[in-house]
Structure formats: structure tokens, C-alpha cells
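As you go down the protein sequences, you meet chains G and B in turn.
FYI, our numbering numbers position 73 of the first sequence as 73, with every residue one higher than the one before it.
FYI, our numbering numbers position 52 of the second sequence as 1052, with every residue one higher than the one before it.
These are calculated hints, taken from the structure and not from any lab test.
Please note: incorrect hints may appear among the correct ones.
Said to hold, decoys possible - No more than 25 angstroms apart at the CA atoms, straight line, and that leaves these computed lysine-lysine pairs for BS3-like:
1. K158(G) - K282(G)
2. K1217(B) - K327(G)
3. K1082(B) - K51(G)
4. K183(G) - K283(G)
5. K1032(B) - K1217(B)
6. K259(G) - K1117(B)
7. K327(G) - K1203(B)
8. K183(G) - K1082(B)
9. K1341(B) - K1264(B)
10. K1117(B) - K1043(B)
11. K1129(B) - K128(G)
12. K183(G) - K1264(B)
13. K1326(B) - K1341(B)
14. K1264(B) - K1217(B)
15. K1052(B) - K355(G)
16. K183(G) - K1117(B)
17. K235(G) - K1341(B)
18. K3(G) - K282(G)
19. K137(G) - K158(G)
Quantities reported herein were computed from a predicted structural model and do not represent experimental measurements.
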Amino acid sequence: MKKNFIILAIDTSCDETSVAVTRDDRVLSNVIASQVEFHKEYGGVYPMLAKRKHQEFIDPAIREALRRGRVAWKDVDAMAVTVGAGLAPALEVGVAKIKELAKKYQKPVISVSHMEAHLLSSFAKNSKGNGPFLKIKPQFPILGLLVSGGHTQLVLMKDFGEYQLLGETLDDAAGEAFDKVAKMLGLGYPGGPIISELAKTGEPKYELPVAMVNSGDLNFSFSGLKTACLYKLQKLGIVADKPAFAKPACRSGRASAGKQFYCDFAASFEKVLIESLMVKLKKAIESYRPRQIVLGGGVINNLPLRQASRKVARKYDLRVFIPHNNKLLTDNAAMVGVCAYYQAKRNDFVKDIEKLDRQPNLNF
Amino acid sequence: MAILKDGGLIIYPTETCYGIGADATNAEAVKKVLDFKGSRGGKPISVAVFDKKMAGKYVIVNETADNLYQKFLPGPLTVVSKSKTKTDPALQAGKETLGIRIPDYPLVLEIVRKFGKPVTATSANTSGKKTPYCLEDVLKYTTKKRLALVDLFLDAGRLPYNPPSTVVDTTLNEPQILRQGEIKIKITSQNTFISNSENETKKIASKIFERYAGILKSKCLIFALQGELGAGKTQFAKGLAKTLGIRDNIVSPTFTIIREYPFKLDLQRTGLCKSIFYHLDTWRLERGEELLDLGLESMLKPGNIVAIEWLQKVRPILEKIVEKKKARVVWVVIDSLFENKRRISCQSEK
């Protein structure tokens, strides 16, 4: 394969319309549409509907990604698109656009798995070539812990393109647990940042169960932690314990709790959630003996989770790699471009573009 | 004060970083703030008010927002609520909401109180540049042209390094709106079951399904689920999937909104039919109509089964489906009685 391979990558797997330009494993631009000023182009009204939002954002996002990456269409060597996992009608927008562009510009296409892209996000380098895997080369097998709003997975990477799913959530994702517990506490949305912020000044003094400790496998479950929080809050009188019979006015006992209570409860929840992840991380390390660890997904923004992961890794003399930029943690197209680059290296291109279709349930 | 009145810009200290302030109701002043900030990337700008009462003039303070105001404000928190659009619309960047700050900094509160109108609350840096914690930060990273827009700098020296305020949106799943969409089912011995565990909830789902399975020959079957957080709606969906012979693990669709599971439906006599079990969750939708945009109607084919969590947000859409007889809707209410005890009742119009 030629050097300086330029890829235009699209990700419309769920909420964000994202387009990126990459050159080999370097990110030249990473545009996330909700953060770009496109409003002038359609009269200033922000589209509320998910699918329509993607349809309206995608063309300006492509133009912006090329502009910021200082790349012209003629320089693009290939295009990449996320085909799954994700929300089917949203994925369709990206797939349809790639088909249209492939016809128009006659470029090869790479079909990318969203979760593989998250796993490889630590391999992304910035435009100057700096990134986590710079001085240290990847040493396989690498264990990946992916934690986001929609996923919680442990994956063993034996090489690029060779993966084994070791465990995943059986019900709610870890990021979802943050949102739901924040809702119970009446803290608004999203739950991750505010719970992490409150937890900083909290004492983890409320006892909550660590999920799936004795399950014997590497799967997670956070629905149990969510209900455990609910029962605890009912006992403490923060949430009415028989919502079915309570009058709306007395459904909430939140008024009685002080600020410190929220901080303490947030700290307790965060601690147990991290512990649930760490129990399985340790177990996976012991069972599969990886040589390095990579983290990915939006919940990795949580600093105590990073610290806990490093602490566990240190015990086994392992290094933890985290993407060089927080933008690579939440859903974005740059990781898709980097993943596509490694696929291109192993000649993994789409053979029949007409047959390319979204795969909402795609997994490792 | 005079500067704000005349539409000027001030740079002021807060408990996080230095902010740039202008009269939030004056379009020209807001324009200057936007010029100072540069390309904002379509992000809205919050406003600082003096207290909750003042906030109430500019946004609708719902239950969730009220809780946050009581507990955490003043403080480094931006509370997003539905705007009454009495401030300059440019602040909202096309959205219907406005972020409110009550900075934990007496000087600023005093300025806002005396001024009597909200003041823009955004960090005093050009977008993408360093967050300013002292005058030098502002001067070093801002162009002269932009600095010329500023009329007054309230210098309080180097501020302690505190991260920018945490932003929370209180408009999603407002308790009051959810309550308005709630359905009531008349409890009878025939339509009501008691569950004492997640497993029993799954079995009850299977029982309820069997009652209506015959309809699938000619219609799509929708299970509209209502129940508080942790009531077991996803457990109910797991029970349905198991009965349908779906081996995939059914995970919460909250984040993805829609999950689909193909399966083969055994229609005695006519044989196997390729069908899809759709598992939907409206929790993260800003509006119920989004479900139509996401193709709800195309799912309503005979043999398909749709389970929808948080029916409260899409009740009018479901009622229209019933009215037009596009599908058979089974309404399911899961009430929490005690810790693990649930009362599950169902109802369906012919």
C-alpha cells in the first residue's frame, strides 16, 4: 500500500454526524457536526429529529472535514463508513452517502465496525504524528476495555483484525447507569459529568452491591446497580418507595436531602460502578495474560475510572493506553478513519458497493 | 453598570474562570460577545442571573431544575431549561433552551442584581483558545481587534484553577410531561399479574404474549410499556424475546433507541414467517414524533412485534395507530409495589 494513504471517514452510528480526514494513522480533521457552525446553511433552526439531523448535517460536515484537513477530493485515496453497531435509520444515512460518493468519485470503500474503531482509538495520532503508541510499539495480545453510553465490553486483540469478545453487558451499559441514577437523583441529563463532579467532594459511605462478582464469566450487568440505587434511595426517603400509590406531589422526598448527600451518593455509585468494571478487568488479565491495555468510549472521560484501570494494570506490570484527545473517546469519525487505515493495510475493502448495508447488531 | 446598559462588554471574575459579560437582552451587545468569541461551533451561550426568581423570568424552571437550583446554586453548574425567549435568540444557537448560571462570586451577583437583567456567562477566550484564569491569559491569546470590543476588565488577579461549569439539561424526561402521558388500566383479576422477581416478569410477558399471538397472522403487535426507572420494562422485553425463540441477549435500547432482532415466527398451517422483533426506548428522544422519523410506521407489518419502553412520550402516536387499526396495541403498566414486587397489568382495544 502507498504511503500517506488519505481516507475520508463518516460515522452516523447514533447521535453525532461525524466526518474525519486521516492520513495513515494520523488525524487531519475530526468534525463533529453538532459542534460546527452550520446553522446559516439551513435558516438557523436546529433539527430535532435524529435522522433528519444526519441528513442535513452530512454534506456540510464533509466539506468542513476536507477544508480543515486541507485535502481536496482528488487527494482522497479511499472512503470509510461505519456500518454498525448503532441506530439503523442513522447508519443508513452514512451508508447511503458513501454509496453516492463512491459512484461520483470512483474511490474504494472500507466498511468499518463502530466498536472496532473505539478499540483502535488509542492508535490514532495527531496531525504531527504524536500519540500513545509512539515510542512503545503495540505488543499483542492487547486487552481492550470499552465503556460508553451504549456499550460495555472487554475485547482481546490478537492482532489488527483479529479480535475475541470476552465479555459485555447483559442489560444496561455503564454510561446509561450514570444517566439513570442522575435521573433518580433529579440531576438532569447527561448524568456522567455531574455525577463525576459531585463525587469529587463526596464520601462513598452508602453501601451498594458490586455487580456480577461471582458470575464466573467476564460479562457485566448494570441494571442491578440501577435498581440497587433505587431501593437505597427509597429507604433513605429520597425517592417515594411505593410510587404506584403516591400522589404526584409527594413522589419526591428530595427536598429533605442536603447537598452533601448528593455528593456522597454520587461517590458511592461511582465507586461501585468502577469496582464492577475492575473486577472483570482483573479477571480478564489473569485469564488471558495480555501484554498491553487500551481504553475507549465516552465513559473513559471519568478520571477515577482511568486511575483505577492504571492501578489494576500496574499490579500486573502492564501499561494502559488512552486516546490522545478526548474527542476520540466519544463517537467520532477519526477513529473510524484510523480503523479503516489498518483495514486497508490488510486489503479489507468493500467488494460490491451495491450490497453494502447497515448492520445495527454488528459485534466483534 | 453604565457599560452594560450601553451594550458594552465587561470581563469579570467567577468561581471558575474569567467570563465575558453583556446585556443578554440586547441583540447588539450579544453580537459583540459572539464576535469576541469567534466561531462558536453552534454552541449556545449561557446567561448569569442573580437567583432562582430571576431565572424564572427567562426560563421555565421545572421540578428537576428547581431541585438543582435549591441544592447547587450558586455554584459551578449551568442548568439548561426551556427558554421564554426574553433574551436574545442568538444565545440559544437555534435551540429552544437556555442555560442559566448563578456564579458563586458575590461581586458578579451584585452586578447582576443591580443591573436587573441577565448577563452573558461564557469564558472570556476566543473559542478553542486557553481558558483564562488571569488578565495575561486574555491578553496573550486574544487578537487586538477582539480586545478592542471590551470596555472594562474587572481584575481580581489570578483565579484558582477550577474547571469550567458542568452543564446539565433538565428538559429531557421532565416528570410533569411523563405524568401527563401516563395511562391508567382498570385492574381486574384477569388482566393483572404479580411478579416477585425478574424471572417472573419474563414469564408474565410470555403469558401476555400468548393471549395476543394469534393476531400476528394479520397484524403487527405492539407492546407499549409504562413503568418507573427500574420497574423491569427491559426484563419484560427479554421475556417476549425468549418466547419468540430469539437467542441474542436483549440489552437496554436506551442509548441506541431502536434495536432489531430478526426471528422466524411459527404460524401454524402457513408455516414459518420471517419477522422482526423491534425493541424501542423513547427515553432519550426530545420529542415523541422522532419515532416516526425513525421509521416506526415501516415496522408495522403483520408478524412483526414492537416493544416500546416509556410509552408516556409517544402515547398520542400509539393512540393514532390504534384508531387507524394499523397494529394491535397491548398497553402494559408495571407498578413497583415493594423492592422486588411488581404489579403488571395489561389491556388492549380490539
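Against the structure shown, which of the earlier numbered hints fail to hold, in ascending order? Result: hints 2, 4, 5, 6, 7, 9, 12, 13, 15, 16 and 18 break, sorted rising.
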